[in-house]
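**Student:** The chain contents come next:
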Amino acid sequence: MTAPAPLPAPPPAPTAPPALSVRGMSVAYGPVVAVHDATFTIAEGEAVAITGPNGNGKSSILMGIAGLTARRGDVEIFGKPAPPRDVMWTARRGLTLVPERRQLYPKLSAADNIILGCYSWTRSIAKARKSGAYAFALELFPDLQPHLAQAAGTLSGGQQQMVAIARGLASKPRILAVDEPCLGLAEAVSKRVYQALSRVHAEGTTLIVVEEAPKRALQICTRRVEVRNGIAS
Amino acid sequence: MVTSKVTPAAGVRARPARSRSLRGPLGTSGLVVAAGLIVMSFYAAQYIGSVVLLAFTYAIVTAGMAVQIGFSQQIAFSQSVFMGLGAYGVAVLNTNLNMPSLLAALAVTVASGLVALVLGSVVTRASGLALAVATIMLPLIAVGYLSSAGYLGGSVGMPLTGSLWPASSPQAMAVGNGMITVAVIGVVVFVASRILSSDIGLELYVLGVDERMAAAMGVSTPRRKLELFVLGSMFAALGGAVYAGTQLFVPATLVDPTAELSLLMMLFIGGRRSILGAVAGALIIEYVSGASTWVSVNILVVEGVLITVVLLVDPEGLAGIVSSLAARLRRARRAGGAAADGGPAPACTGHASAGTGSAVAGVTPEEVAAADRRTSAFGRSWQARAGGRAGAPLLECTGVTKDYGGLRVLDSIGLSLPARGLFGLCGPNGAGKTTLLGVIGGSVPPVAGRVLLDGADITRLPPQQRFHLGVSRTFQAVHLIAGRSVLDNVAVSCLSSHRSSLAAGIVRSRLAQARDKAAEALDYLGMGRLSGMEVSTLTLENQRMVEFARAIAARPRLLLLDEPASGLSEPQRERLKEVLRTVGDMTCVLLVEHDLGLVAQITERIFVLASGQLVFEGSPEEFRNSAVVSSLLVGL
Amino acid sequence: MKFGNLLIAGVVTGSIYAVFAVCIAVWYRVSNILNLAVGDFAMVGALGVDYLFRVDSWPLPAAIATTLAIVGAFAYGYDQVVLRLAQDGRRRQEGIVITFFFTFALSFFIDGVAKILFGTDVHAAPGLWNGNSLTFATGLHLERAGLLVLGCALISGLMFAIYIRYTLSGKAMEACGENNLGARIVGIDTRQYRRIIFVGTAMLAAVFGIVESPITGYTFLSGATISVTGFIAAAYGGFQKPGRALVAGIAIGILEALLGGYVSTQYADTLMYGILAALVLARPRAMGFESAVGG
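Protein chains in written order, with this note's numbering: chain F, 1 to 233; chain X, 234 to 869; chain W, 870 to 1164.
No wet-lab data here; the hints were simulated from the structure. Just so you know, even glycine gets a beta-carbon here, dropped at the ideal spot from N, CA and C. Do not take every clue at face value.
Stated by the list, open to error - With the Cβ distance kept under 7 Å, some of the chain W side facing chain X (calculated, not the full set):
(1) W927
(2) F973
(3) A993
As the list claims (entries may be wrong) - Output of the computed footprint for chain X on chain W, the stretches with three or more beta carbons under 8 Å from beta carbons of chain X:
(4) 976-983
(5) 1056-1063
(6) 1100-1111
Assemble the whole structure, with the sequences as input and the hints as a guide.
**Tutor:** Given below as structure tokens:
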């Protein structure tokens, strides 16, 4: 565990449960074991980068934690054990995943995409529209303002990434996990995305970023979990 | 510590991960014929004989459907109509013109081929669900026509006077009809199996899985679709003719939409990709529907439950169930054998093998370096093939313009590339890079401008023809065929069967040669060890390399690569650079990439697109120093 | 006013095709399965009510309620057993097998059971709104049952449109159809939406069967024809655009009525399918088919 950036992260109160606790997690796709016995803990308020070469299990770790793929081992979110394949449980518990390649709803408008992030905590569209989370999500990305009514599928890659993160924020996450936020994005846009993530972290949300190139992530992350061959260290 | 999978030693060519059938086409048809002969010799006049006869008649139709619908995924609902065409055709010729039924059967089959050719050339312009929708109306139209066509017996049916095997005694007639039917199904099964196991069979498989990719790899998709339609229709008509000649009555219900569904049920219960399955399915349904009165009255319920259960167990039907069981038995036997040898399966060398996919299925940098590219036969033959006219550019684009909706995605782009070298195409997202590759590759028609390859205007040529002229490309997302081995995936671009007709697949198959060429390409990249593995078990990096192998296996003169480094780690990018450098010595490579460092290091010239316009063209030095570039893209 | 009356009749049948086409399209977006048993649910609705009311002498409201409940329960059960195994199990099925064949088989099954229960004769649910057909000034007639059908279609259509556009749950349902993975990530239970739509579709189809059958009469095989026409109408929206499916359904109904009235009742269907086939072939893009379906 290295901490190259001098950003201080206040250590959590010793009695509060860690935001995320992973013990002996393994993820396999058929005969291929992608993650082998991963164990690490993330405290509340931290910003952690999960780095390592591609194809070595970083995304699988996130997918396993979020409940998108089957996994073995223990995952606890704020002290409560997470059932293995239950995305809804983790979403309601406070961990929201912004997946690789965004996974937006192409024909729905950008605004609709974002407001659906509120689904995990309400069914009332009125409440969602008035909520602080939705407002914050929109405020974070002023570049999206003129495009809110546009179909998400017609936006550029950078704008789509912003919509995806905004959608993640609308769910009032206590932990925001972002998988490869800058995949396929040009440098200038990547910088803006990281600025937004840094602000999210400053507001108190625990941040987990999966990045292949550690440089960018480590500018805002205090800790780093290196994954090689499926083993986290 | 997890023991890793057994991997074949380097150099040993493993069997393709999914071998298609246990016996060859001759064996399959031999099996059917032998079984049929036994039944017909002894039981022809009895109940079981008539069931088998009827089943074989339907099997003639379903075998064709297995090739067309099951294997090549061309969903067409036209078989019952052609079966009706065959049956009614024979009935009319026999009853009204007194033609012997056997002759009539032949005549009708040929005629239906012609009808299918005409109908097919219209219908197969559509694909996928559109094709299904277009053809689902055929049975409905046919039923409507029949119910009012008096001379065809209206909604009852039409009798025949002469059977296929004219004989005096019913016994002799039954045996004769039976033998003829067995002979026909034997030929049909043989022909169908030959086609599927030939190199054309691989073309058809790819066509079924991903039509666009098939086109990019040179498969003549419109032609194949038409040929498949004609094949399926002719087999259906043949089945109908045999039906008429053996049952001596053509019921109008033969052409019902429910008849079409029954045929589909037979195919899917037996196994949609398997010829033997098609026969088995027909046998099962026929046997079941006659098994008891209760069943035949409630056949709808029985069929509904039966097919639901079978498909839940295995979507490939009974053939799938049988082959999974066989595979499990084989694995059990092999595991038992390995334990007898003592010790676990050998772990692979290279990185710390924690049993992850990349360690097991990856190739090490040492292997890649060891693959001596410069002197390999593959490399030499490629060098000879690539290259163009001396001094003249290989690729020229002039004034290429493309609009999508109201947006001008490409605005009068002009570039020119020589016969050899590495060239980069960069730009922010949405600048039009992939579109430009599409225009050069043939999948995107420009609204203006020209593309010249070696002086020839290829602007209007479809992707297949550009492939044959030496243009090869990869895509941003990996487009491999799941369920097939690495070797077969690469062999798709090495097929020499593109100009042959479907029927040629019956006579000869150059699949082995294609596989050999594919193996050469894999060895050239140092990936020979992967050739037997099934592609969906590979890591992303290896899948990309397989796609790359497929693109170069055709020894292209122009190689278009769309973000080949995307998703690759640092050491993997080093390896890619090394490979690209060698490849660039042989042919012309145009590389779309976001990794500007990589591009600047290996290319000799870089083009930058922004908002559809070419804003920069120059050497890597100029690229680094250019003000325009650094305002657009940061990160060198 | 022959043209006008044909038009009205066409709109009535067309609205049923439209409703079924929209049901097929909406469910396909969410589940990637084509519900080819829609018409069969309608048939069960009609024949079930008829049986309970006429043969068993139940009071009409009870007959309707029970039939709808049975249809709903059966659809729920089918989803829990078959669809769950096929799609939610470890080996998720994809491709043309699941797209077509499970509901083909379901259609066969329902028809077979209906044959056992209801026999092979033509039946119909009793008319719910009895009386003379309404006449308009210029000689246009509209049967009361027809008006009922139109009313049901409009109401259900309106309710659905409001649901989709103005509620979060409706948007969530759209999201399921647009991107299954993306929907699950925000906590949407896509399986539940699949189930809800399937059961809802079945019950809605049954309602329309009850309401429409007094006009034409149903046999145990009638469902199949309606399913096919609904399928064709949905096809015109590429199976993805419910709006186009709706328009297509009505258009087909009108075409059918006009052909029957002006050309000949015998060849009306034949001609209609011929025209529809030609349209699909002439402009597949315009019909909404984007790319080939693989699998």
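**Student:** Would you mind marking each hint as holding or not holding in the structure?
**Tutor:** Status of each hint after checking the structure:
no.: 1; hint: W927; verdict: violated (25 Å)
no.: 2; hint: F973; verdict: holds (6 Å)
no.: 3; hint: A993; verdict: violated (21 Å)
no.: 4; hint: 976-983; verdict: holds (count 7)
no.: 5; hint: 1056-1063; verdict: violated (count 0)
no.: 6; hint: 1100-1111; verdict: holds (count 5)
The structure fails to meet hints 1, 3 and 5 from the earlier list, while all remaining hints are met.
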